[in-house]
Structures are given as structure tokens and as C-alpha cells.
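**Q** Here is what each chain is made of, one letter per residue.
Number of protein chains: 2
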Amino acid sequence: MSSRLLTHIKQLVNVRTGDQPLYGKEMAELPCLNDAWLLLEGDEIAGFGRMDSIKRDLPSLPRAQTDCSGRLVLPAWCDSHTHLVYAGSRENEFVDKIRGLSYAEINARGGGILNTVQKIKEISEDELFRISWKRLEELARMGTGAIEIKSGYGLSLEGELKMLRVIRQLKEKSPLQIRSTFLGAHTYPPVYRDHHEGYIREIVEEMLPIIAKEKLADYIDVFCENGFFNPEESETILKAGLQYGLQAKMHVNQLNAIGGIETGIRLNALSMDHLETLTTGEISRLKNSGWKGFCTLLPTAAFFLRMPYPPARQLLESGLAITLASDYNPGSSPSGNMNTVFSLSCIQMRLLPEEALNAATLNGAFAMGLGHTMGSLAVGKTANCLISAPVPSLAYLPYRFGSNLIDKVIIRGQFVA
Amino acid sequence: MSSRLLTHIKQLVNVRTGDQPLYGKEMAELPCLNDAWLLLEGDEIAGFGRMDSIKRDLPSLPRAQTDCSGRLVLPAWCDSHTHLVYAGSRENEFVDKIRGLSYAEINARGGGILNTVQKIKEISEDELFRISWKRLEELARMGTGAIEIKSGYGLSLEGELKMLRVIRQLKEKSPLQIRSTFLGAHTYPPVYRDHHEGYIREIVEEMLPIIAKEKLADYIDVFCENGFFNPEESETILKAGLQYGLQAKMHVNQLNAIGGIETGIRLNALSMDHLETLTTGEISRLKNSGWKGFCTLLPTAAFFLRMPYPPARQLLESGLAITLASDYNPGSSPSGNMNTVFSLSCIQMRLLPEEALNAATLNGAFAMGLGHTMGSLAVGKTANCLISAPVPSLAYLPYRFGSNLIDKVIIRGQFVA
Numbered sequence: 033m034s035s036r037l038l039t040h041i042k043q044l045v046n047v048r049t050g051d052q053p054l055y056g057k058e059m060a061e062l063p064c065l066n067d068a069w070l071l072l073e074g075d076e077i078a079g080f081g082r083m084d085s086i087k088r089d090l091p092s093l094p095r096a097q098t099d100c101s102g103r104l105v106l107p108a109w110c111d112s113h114t115h116l117v118y119a120g121s122r123e124n125e126f127v128d129k130i131r132g133l134s135y136a137e138i139n140a141r142g143g144g145i146l147n148t149v150q151k152i153k154e155i156s157e158d159e160l161f162r163i164s165w166k167r168l169e170e171l172a173r174m175g176t177g178a179i180e181i182k183s184g185y186g187l188s189l190e191g192e193l194k195m196l197r198v199i200r201q202l203k204e205k206s207p208l209q210i211r212s213t214f215l216g217a218h219t220y221p222p223v224y225r226d227h228h229e230g231y232i233r234e235i236v237e238e239m240l241p242i243i244a245k246e247k248l249a250d251y252i253d254v255f256c257e258n259g260f261f262n263p264e265e266s267e268t269i270l271k272a273g274l275q276y277g278l279q280a281k282m283h284v285n286q287l288n289a290i291g292g293i294e295t296g297i298r299l300n301a302l303s304m305d306h307l308e309t310l311t312t313g314e315i316s317r318l319k320n321s322g323w324k325g326f327c328t329l330l331p332t333a334a335f336f337l338r339m340p341y342p343p344a345r346q347l348l349e350s351g352l353a354i355t356l357a358s359d360y361n362p363g364s365s366p367s368g369n370m371n372t373v374f375s376l377s378c379i380q381m382r383l384l385p386e387e388a389l390n391a392a393t394l395n396g397a398f399a400m401g402l403g404h405t406m407g408s409l410a411v412g413k414t415a416n417c418l419i420s421a422p423v424p425s426l427a428y429l430p431y432r433f434g435s436n437l438i439d440k441v442i443i444r445g446q447f448v449a
Numbered sequence: 033m034s035s036r037l038l039t040h041i042k043q044l045v046n047v048r049t050g051d052q053p054l055y056g057k058e059m060a061e062l063p064c065l066n067d068a069w070l071l072l073e074g075d076e077i078a079g080f081g082r083m084d085s086i087k088r089d090l091p092s093l094p095r096a097q098t099d100c101s102g103r104l105v106l107p108a109w110c111d112s113h114t115h116l117v118y119a120g121s122r123e124n125e126f127v128d129k130i131r132g133l134s135y136a137e138i139n140a141r142g143g144g145i146l147n148t149v150q151k152i153k154e155i156s157e158d159e160l161f162r163i164s165w166k167r168l169e170e171l172a173r174m175g176t177g178a179i180e181i182k183s184g185y186g187l188s189l190e191g192e193l194k195m196l197r198v199i200r201q202l203k204e205k206s207p208l209q210i211r212s213t214f215l216g217a218h219t220y221p222p223v224y225r226d227h228h229e230g231y232i233r234e235i236v237e238e239m240l241p242i243i244a245k246e247k248l249a250d251y252i253d254v255f256c257e258n259g260f261f262n263p264e265e266s267e268t269i270l271k272a273g274l275q276y277g278l279q280a281k282m283h284v285n286q287l288n289a290i291g292g293i294e295t296g297i298r299l300n301a302l303s304m305d306h307l308e309t310l311t312t313g314e315i316s317r318l319k320n321s322g323w324k325g326f327c328t329l330l331p332t333a334a335f336f337l338r339m340p341y342p343p344a345r346q347l348l349e350s351g352l353a354i355t356l357a358s359d360y361n362p363g364s365s366p367s368g369n370m371n372t373v374f375s376l377s378c379i380q381m382r383l384l385p386e387e388a389l390n391a392a393t394l395n396g397a398f399a400m401g402l403g404h405t406m407g408s409l410a411v412g413k414t415a416n417c418l419i420s421a422p423v424p425s426l427a428y429l430p431y432r433f434g435s436n437l438i439d440k441v442i443i444r445g446q447f448v449a
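Quick note, the sequences are listed as chains H and A, same order.
Going by our numbering, the first sequence opens with residue 33, and the numbers climb by one from there.
Going by our numbering, the second sequence opens with residue 33, and the numbers climb by one from there.
Hints in this document: simulated from the structure, not taken from any laboratory.
Among the clues, some could well be false.
The list treats identical chains as interchangeable, and a pair is accepted whether it falls inside one copy or across any two copies.
Simulated crosslink set (DSBU-like; lysine-lysine; CA at most 30 Å straight-line) [what the hints assert, rightly or not]:
(1) K153 to K42
(2) K42 to K166
(3) K205 to K245
(4) K151 to K42
(5) K166 to K440
Make a model of the complete structure from these sequences and hints.
**A** What follows is the structure, given as C-alpha cells:
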């Protein structure tokens, strides 16, 4: 088993057992250790301590050492909401929006989700794996160590299975920890546009049994929104998923507040994601309901769509747990760069660097059911960590939003090339 | 004289003699050449053409060739507004603002411009050169080929000369084309807070004569803003500069519309910069005045300060010329990444990729008096160009805001390491 020692680390960031997610004010607490060492053995963190006691703590030092003078060492990012498996890109639609075309006009030109659905239909499973793998490699270089990936561009039994099988291949072959979410209820396929119950029946009676049988998904998700799935339809689908052991996640309150929050509370959703249009009343409901899930915020999507950001500070002040994720997808967030998410959260949503870091590491891990092995630097947790460039402090990372300040990435104890 | 040939270029972008800046609708026009070659000889562009006629056009091919299959080749960025020469960083102030501290409270804690002024006072000229050089190197790697740098953190004869001499050293030693702007009127030093005419006299009678004699500046600039320099004070200073042959630039309408636009029109400013609070009436005035200068927009500053963006589309619709620049400085835009500026302009200010590209290259060059040698791909212009990663189109660059898609940078015919 190979060992690697990181020495003279300016600051070890988020050093804690991290066996519980963080709520409200706790999110501003970020345990750190200055002038430290970190020992990795195999794919696990084996120890850490202060440099001044390294000779006492580690009488025999491993040969493989990395000097981290002036540098921070952070846990790798845990990105709990992405649509990374897709085909094609939609920069033409991006330009159409700049030109002022409406959502309806873009859809009429074959844009929107259905554009990607068509491309998923045309692409082979092998090719879809290949391009998804390349994206995953780029994200690993940028510091993502764990990631959730959704289906939802299939919208048919065949298409959804194709996506979920690609996600399974990624799980099997990538050193990143991957979680899979079934999002058959992303939108209605055209044939079911005026016949919602027909598609919901297809999801519940045809897709779910096979997906469950083949163990292709860890979670189930639904896009609860005007013109997509209303709260009742969402509840039907999520309940069906729960019967197969798939815990619920939700896209909710992105464009409109239509009551989906109540559904999420009732079904004890693991996370409710987006929340751009969350009302003060809904925040109170979340707070008073005793719900212990995650408010997953996707600031790059709000940024890219020129929308208001979700009310991050109010959520924290209400004692709720927030998570930051990239929403990586070709339509509304064509980036999976979690460093950008981190920076954008501080600059635009006024999160403290400590809060944003916790949201994008430890809480992100818990929002994927991975909190016990990922998201903080603790003995026994997976050896996923980032080595920064020499910087004065953690706050310098989001402050310098235009620079890549992650110099090296370690996933399962191995440097990412 | 060394020659280098770029071959099989998917698209050569902004191919034109570019001997005139672009106004209004012209900014959406971007001449390109598909499947092309580009020949660099020494530090100049020596020729270009289509691959299918390369054997006829170039009977003897140079040995040094670079295959650019699938890639775009663009002119390097021309960044016409920066404060790159500074000491220290201000991420603590960034965090203070997140915590909700007011501008006044931050100033009371020693933050703001005066924080950097103090650090300039303490640092040696050699050390200031060294850290500025490192920043310039990072920007070159990111694709900046020409840059304007302002003084303004000295606020004393000694301090301003220190900064301007550092800029002169950068000019002499860097392959980047650099223009120098005297911004003694950045704010009032504390001793002159209630005695404005004293500082203005110091600028006009002490600083300007020496700066002019030593040829330390190409332009003069002033921060025209409530609590800083009012329009009358600005006019006095800019006129004094004009007498020494320094054309005027202005920081104007960043926080308030206080009449500085009229001053800029009257003095025929080369550029008026910021413009976040420009009114519809002022846009009409600019349009009807016959002023032919540049509206320099600094979207990363608006982004970082959580302010509204300047009215880019209205300016274009009024037939005005816009320029995009980074405003690189430690307080309000701690990034000089012009790729971020390009992307942000399309996403947040709804500029078409073609408009933003022209604004950040050709018009940027003209806003530094460099339009005849920089800012487009033309025979005889300086060999400053960017080679992108393989991408489907120009629009893909701003669309993929989280990825660095500039693979290689050539400055004066040489690859940047």
C-alpha cells in the first residue's frame, strides 16, 4: 500500500470527523490546522498533525513527500447536482437568448431540453460514455472528487436506461465517487405533452421496475415547475421511487413557487434543489417543519440565466443546511467548475468563504449519502484533497475569481494528471 | 528572422486590416476565414489564406509549423483599463463586505484605496516591479497581448513616480504592449481630504511637470465621482494633462451620474470608463455630441461589487463604440482574466460573442492608441494571437464560462510558456 506525506502545509482546511451535516450557524465554523502534515495511505487519509511534532508522531516518514509550503490543503469538492451525461452543446441557444428570443421561440426552434433529448436518442451508449468520461476527467482536474449525475435526457425507457447505464459505467471505471439519480420526470416527451398521466404511468410502471431491478439509480428526482410536473404529479412519481428504495430529490422553485416545497417536506426529500424563487413563507415552513434535508443552491445556473440568486443568507439564518452544486448541463449551466461555484457563491450570494466551503464539501457529501467517507479531512475518510497555489488565506480563493488557484488534485490517494 | 506557420485552422477570427474602430452595429460584424493558415514572421503577421491554396500562396513553407485542426485563432486580448501595479491584496475587505460592512466602515478599518496607498508607500520599487511582472506573466498566459496600466495608489509625488517608473520598466522589459496612464486623481490623500485645491495644485504643479518631462505617462485619468473628484475638479486636472500632451481618460458614472459625461465630451476624452449608472439622457448626449471616443465597460467590477451592469446594448443601439476591459485592481476587480470579461459580457450584458470579441480586441486596441498595430489579424500587425482548444464555434468560448479554452498564446511571434 503506497503512502504519501504532504508536509509544511500552510493550512489544512475542514479538518474534522465530519460525521454530521452542518446547519445554519454551524456552517460558518471551519476547523483548520496551521503548519501541518497530512498522511495518505492507499486511498485513505491515515493521519495529520502539526509540523512541530511530526518527528514524534511519525517516527518513520514515507519516501513520497510533497512540500506544501505556503499552500492550503482542502477536501475535494462534492458536487451533488449535475446532468453531466449529455450529448451535444447548446451555444446556439445561448446566442438566441442573447438576441432576445423567448423560451417558447427557442423551443419552437428545437432548443431546450428536447434538443438534448434528440441527441441522446441519436448517440450510441459507447460514444455517450466516451464524451461523459472526458467531462469527468476535466472536473477531476478542477478538483471534484464526488459527483451526483442525473438521467433525464432520455424521456423514454430506452433513452433513460442508456443514460443510467453510462452513469453505471462511469461509477465502475472512474476513481471519483459517483451517485446516480433517475430523472425521468425532467419534462414531458412531445407525444405525452397533453397526456401527462400516460408518461407518469410509463415512468412508474415501465421505467422504475427495470431501473430498480438493475440497481441503476441511487435517487429519484423530478422537475417540479409550471409547464413541467406539478406538485401532485411530482408526489406520485417520487412516492413510486420511494417504494423501490430511491430517496427523493427535487428540482423546485427555480422559476415559480407552486407548492413543491410542501411535497418535499412531506416525502422527506434528501435535498430540494434550485430555490431561486423561494418565498419567506416557504423558508419558515422549511424551518418549522423539522425537515433535515439539504437546500441545494446552484448559483452558476442563476448566473447563466440572468436570474436572481437563491436566498442563501436567509436559509442560513433560518438554521437550514445548504449545499452548493454546479448543475452542470448544456442548457442552463454549461460548466461543472466547482471553484467557480465557490467563488460565485461568496461574491454574489454573500456566503462567507467558510460557509461556501462547507456547503461544497461536507454538506455536498451528505446530500449524496457520502458524508461518512467524503467532504472533510479526517482519518479514515477517502484521500480526496486539493493543494492550492501559495495563497495568503482561504478567502483569497473566491476573491481571485478569474484565476485557477488549485495546483494539484489528489483523488483516492493518487495525483490527477 | 524566425517564421512560424499555423495550419489547418478551423477559423481565423477578426481578420481585417482594422485601421478604424467599430461603432454601434458594426460591432456585430466579425470577419472570419475558415480552414485557414496564418504565417508569422519575426514579431509580425506576414500572411494568411485558405488551406486549399496554401501550396500556391506559400511555395516554400517554414519548418516551424503548428497544426491547429479544430481550433480557432483569435487576436490576443487588448485590455485598455487596469490598475495592475499594486501591492498587497484586499481579500479581508472582500469578507468584510460579505459580512455587510458599509463602505464607510471599511474605510474606518483602513480598507479601500487608502489601504493599497499605504502598501505602495512601504514597498520598494524593485519589489513592486517583481510582483507586477508576475501578474503580467499570468495575464500573458491567459491571452492578454496589450494592456493599459494606471498609477493612482501613490497620491504623492514620490508614490506616483514609483508606480509610473515601475510601469516604464514593465514597458521596457515585457513583450506585451503597455500603455501608461497617470491617475494621481484617484482619490484625495487624507491630508487633503478637506482641502481639495491643495491636492489638485500638487497634481498640476508638481506631479505633471515631472511626469511629462520624464515621459512617464501616455494618458491622464481621473475618478469623477461623489466624494472623489467632481466634474469641475476633474476638468481642471484633465485640462492640465492635455497641456502636456496627455489625452484624457475618465472613471465616470460608476456609482453616481454627476455630470462627468459632459466633461468627457468637452475635453474629447479618448475613453469614458465604467458607466454603470449612465442615464438614458446621457446616452443621448453622447450620441448627439459627435464624440468619437470609447465607452469602456468593466463587467468584472460590476460583478464583484454586486452592482448593475452598464447599459451595453443601449450604447450599441445608439451607435457608440464600446470597449471591454478588466479593471484589474485589488479592491473591486481582483482579476485581469480577459476570458472571464468576454464571457461575463455575453452572459450578463447580453453582448453577442462577435460584439464582445471586437470590444475586447480591436476597439480595446484603439482605446490605447494601438489600433494600427494590434487588435485584429492583418498583415503587418503584431503577431499576437490565441489558439483555442478544439471548439465548435466562437460562441462556445463565452458559453463555457467555467473552462479555460485558450490552449496557446503567441505574443510577438513567440509562444508564451
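**Q** Run every hint past the structure and note whether it holds.
**A** Results of checking the hints against the structure:
1. K153 to K42: between (50 Å within a copy, 28 Å between copies)
2. K42 to K166: between (33 Å within a copy, 22 Å between copies)
3. K205 to K245: For K205 and K245, the Cα distance is within 30 Å only inside one copy (21 Å; across copies 67 Å).
4. K151 to K42: between (47 Å within a copy, 24 Å between copies)
5. K166 to K440: Answer is both: 18 Å inside a copy and 20 Å across each meet the 30 Å cutoff.
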